[in-house]
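Participant: One letter stands for each residue in the lines below.
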Amino acid sequence: MNIVVDYDLPGPPAKVWRALTDSKLLASWLMDNDLVAEVGRMFDFRSKPMGDWDGVVHCQVLEVVANEKLSYSWRGGSGKTALDTVVTWTLTPNGTGTRLHLEHAGFTEHAAFAYDAMGRGWRDKHADLAKLSEL
Amino acid sequence: MDVFRALADPTRRAVFEQLTRGEATVKDLTKKFEVSQPAISQHLGTLREGGLVSVRREGRFTYWRVEPTGLKPLVNWIEHYQAFWLDRLAKLKALIVEMEE
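Same order as they appear, the protein sequences are chains A and B. Take 1357 as the starting number for the first sequence in the working numbering and just add one per residue. Take 795 as the starting number for the second sequence in the working numbering and just add one per residue.
It is worth saying that the hints were derived from the structure and are not from the lab. One thing to keep in mind: the hints can contain errors.
DSSO-like mimics (lysine-lysine), calculated; alpha carbons at most 30 Å apart, straight line [unchecked claim]:
# : chain 1 : residue 1 : chain 2 : residue 2
1 : A       : 1380      : B       : 885
2 : A       : 1380      : B       : 826
3 : B       : 887       : A       : 1404
4 : A       : 1425      : A       : 1380
5 : B       : 887       : A       : 1425
6 : A       : 1404      : B       : 885
7 : A       : 1380      : A       : 1404
8 : A       : 1425      : A       : 1404
9 : A       : 1425      : B       : 885
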């Protein structure tokens, strides 16, 4: 199960790249971090603890293509709420701006299953409602 | 028994999936899955311990159905991050507007 978001930003890829890779700029919109955008580097994001999660995301830089692509592992939590995922940012010029593509991949198969089952359950209910309205 | 372990077994997952399409009796499920009645009952018991299904009695029949809140622990991360990323991307956009070339 992946989360995919496409987002248009009003600045060129080089500018968006700085916001993604400069630790201070990144902290201003995402979370406190000690990112160094070099393949293999380990770093953490830190936010407020939530539930039984300590608020720390453990990361390792996986891929760096300046102004085009940045990818890092995204791990956190423990036990049954453990998360072992990968975040990938892809930048494409779009007129005078940038189309930013985010893919957050690797949510567990159980979570993916649950999502599918819920989707279907909801669709079925919807189908029933449609049938009722035809009566 | 937690939700993850309750869904770890493929037959149990299939039984649960079947129940998302509507409530059913043990007999219905036994027919559908060609598994013995005690096996189905055991799977349903495990799913109930995981908070995924519940029972409704009507006359001499017992109907099993999905517990709508049972999957909450599973979708938490996905729901959390869907909202999280949209919120943060809006902040990123504001930053990009502010940033000097």
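Participant: Next step is simple, just say for each hint if it's right about the structure.
Facilitator: Evaluated hints:
1. A/1380 / B/885: holds, 14 Å
2. A/1380 / B/826: violated, 58 Å
3. B/887 / A/1404: holds, 23 Å
4. A/1425 / A/1380: holds, 19 Å
5. B/887 / A/1425: Holds, at about 18 Å.
6. A/1404 / B/885: Satisfied, since the Cα-Cα distance of roughly 18 Å is no more than 30 Å.
7. A/1380 / A/1404: holds, 18 Å
8. A/1425 / A/1404: With a Cα-Cα distance of about 28 Å, the restraint between residue 1425 of chain A and residue 1404 of chain A holds, given a limit of 30 Å.
9. A/1425 / B/885: holds, 20 Å
Checked against the numbered hints listed earlier, the structure breaks hint 2 alone; every other hint is satisfied.
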